[in-house]
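Go by the hints and put chain E onto chain F.
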Amino acid sequence: MELTAGLVWLLVASALVLFMTPGLAFFYGGMTRAKSALNMMMMSFVAIGTVGIMWVLWGASMATSNEDNFFQIFANPFSHFGLHNFTDPADLLKVGYAATFAIITVALISGAVADRAKFSAWVIFTPIWATLVYAPLAFMVWGGGLFSKDGWFGQTFAPVIDFAGGTVVHINAGIAGLILVLVIGNRRGFGKDPNHRPHNIPFVMLGAAILWFGWFGFNAGAAATVEQAGLIWINTLAAPAAAMLGWLAVERFRDGHPTSLGAASGVVAGLVAITPACANVSPLGAIALGAVAGVASALAVGLKFKFGYDDSLDVVGVHLVSGVVGTVAIGFLATPSQGPAGLFYGGGSTQLVAQALAAVFSIIFTAVMTFIIAFPIHKLMGFRVSQEQEVVGVDLSLHAETAYEFGLSGRGGSFQPLHELITGKQLGETVQVPAGDAVSVPTQGKKTAAGKESVEA
Amino acid sequence: MKLITAIVRPEKLDAIREGLEAYGVQGLTVSAASGYGRQRGYTEVYRGAEYNVDLLPKIRVEVLATDEQADDILDVIIASSNTGRAGDGKVWTMDVFEAVRVRTGERGAAAI
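Taken in order, these protein sequences are the chains called F and E. Under the numbering used here, the first residue of the first sequence carries the number 1, and numbering increases by one thereafter. Under the numbering used here, the first residue of the second sequence carries the number 1, and numbering increases by one thereafter.
Bound-form chain F, shown alone (with noise of 0.2 Å):
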């Protein structure tokens, strides 16, 4: 079979949306203390490990469209295991596209738990929770199971509008963010201490500029005509804009300043209400839904501290509420001319019910299922670092390394007498060198690379 162009395109969107997760572990590494940075990047890079080889196993064995399948909920993860058995030509495009879109599934999760989450746990909680809520959600809204038109929720209300993951990746990842948050608990000193500001804005804005760069494969990937493909490519321009604009002037008439941070988050916040709504809105259309939701996210991030959940980096705030606020908008706001129109056209409420009740239960999906893989997990191996561990940094205790040079402005701190916590190892004796030498050695520091740092420090 030729390579035609489209097959071409699918091929770049994919790395293009691989290219997402890399640039949200700089948009949610660039948010954490500056101690705790490359484990919030590391979060997001392991996903591409587990939740690729777990894709490639039997993730699109189980989203795949399948007659032979579970309830609608899953289909057979044996189907395809290994990715044999695949007939057509461009099926290994297609399962190569869905995997990309699985593991940035699973790192938006991250950002709930930074600072505090085990490494090891969410090593283990990442295949398990691809394999158990987001393949089984994936499969509902676009392999022909629950909410497809074969489906029995498509059958009873209507097939549910889900073009590129409003459902399936942002309230799924939103909900499960605060499943784990609900579970592991809040960070010591949450809403006090000073230190949980973000260390890098910069970072923040190169990690929104890759997801925005990305988005555009994420939205307009599975594009089947030129018509839909510049008006899904015009949506995801239209409604980050409209919501950046939006984060912004909550901020100046709240808070006094528009903020780096908040333009950032608005392109997010916008980039995610479009994703389930970018082919089935016009582009006005697309303005509104993004300005409703830049407010409404820019509105939302404060309710952890109300509540007093600790979502770090607003997983909740953005991607839930978002999320919820793209996929329920395209109730209203569905043009005729791209399939069924929602209310403001004329379709009535049908739509709009479907929509809302396809919220509902994802949330509700995620969040048991959610619970009962990391509650276990918690109680079995513990999904938080000991306290020490917290204090320390989880860069150093987790990893032994850290993103910078600590020690001048009194923001990292001095790891020195939690030594032995992290490597385990005795502190060396410093050499005692005869009076009129000054230069005093220490022993332990060229011998251990684990745990230099913290003898020099």
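None of these hints come from the bench; they were simulated from the model.
Listed below are the simulated EDC-like cross-link pairs for lysine to aspartate or glutamate, each with C-alpha atoms no more than 20 Å apart in a straight line:
| no. | chain 1 | residue 1 | chain 2 | residue 2 |
| --- | --- | --- | --- | --- |
| 1 | F | 306 | F | 255 |
| 2 | E | 90 | E | 14 |
| 3 | E | 90 | E | 71 |
| 4 | F | 306 | E | 50 |
| 5 | F | 192 | E | 44 |
| 6 | E | 90 | E | 62 |
| 7 | F | 192 | E | 54 |
| 8 | E | 90 | E | 54 |
| 9 | F | 192 | F | 390 |
| 10 | F | 192 | E | 50 |
| 11 | F | 306 | F | 193 |
| 12 | F | 94 | F | 2 |
Structure of chain E alone, referenced to chain F:
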């Protein structure tokens, strides 16, 4: 000999350097510092949440001087870094027992 140490606003570094150069000071050492005095900290806002930051960025300027010059240099630093608002910083002098120019081995006032 005296060591003059000034902990002042970072943005005043250029004014201090120009003032000291005009007075005839040959060298100085600058390092980054952080801390607070009566002005306490300041507030940063991220995603609508306020964070009270206690430790403000400051610079520490250190100058070696002869006993005769020390008071003048103190005045130069004060004049060039004063804004009249809380947070201007502190300057102090200390006695120095000995100073040696590493390259030549000159000692005392000759090393300054």
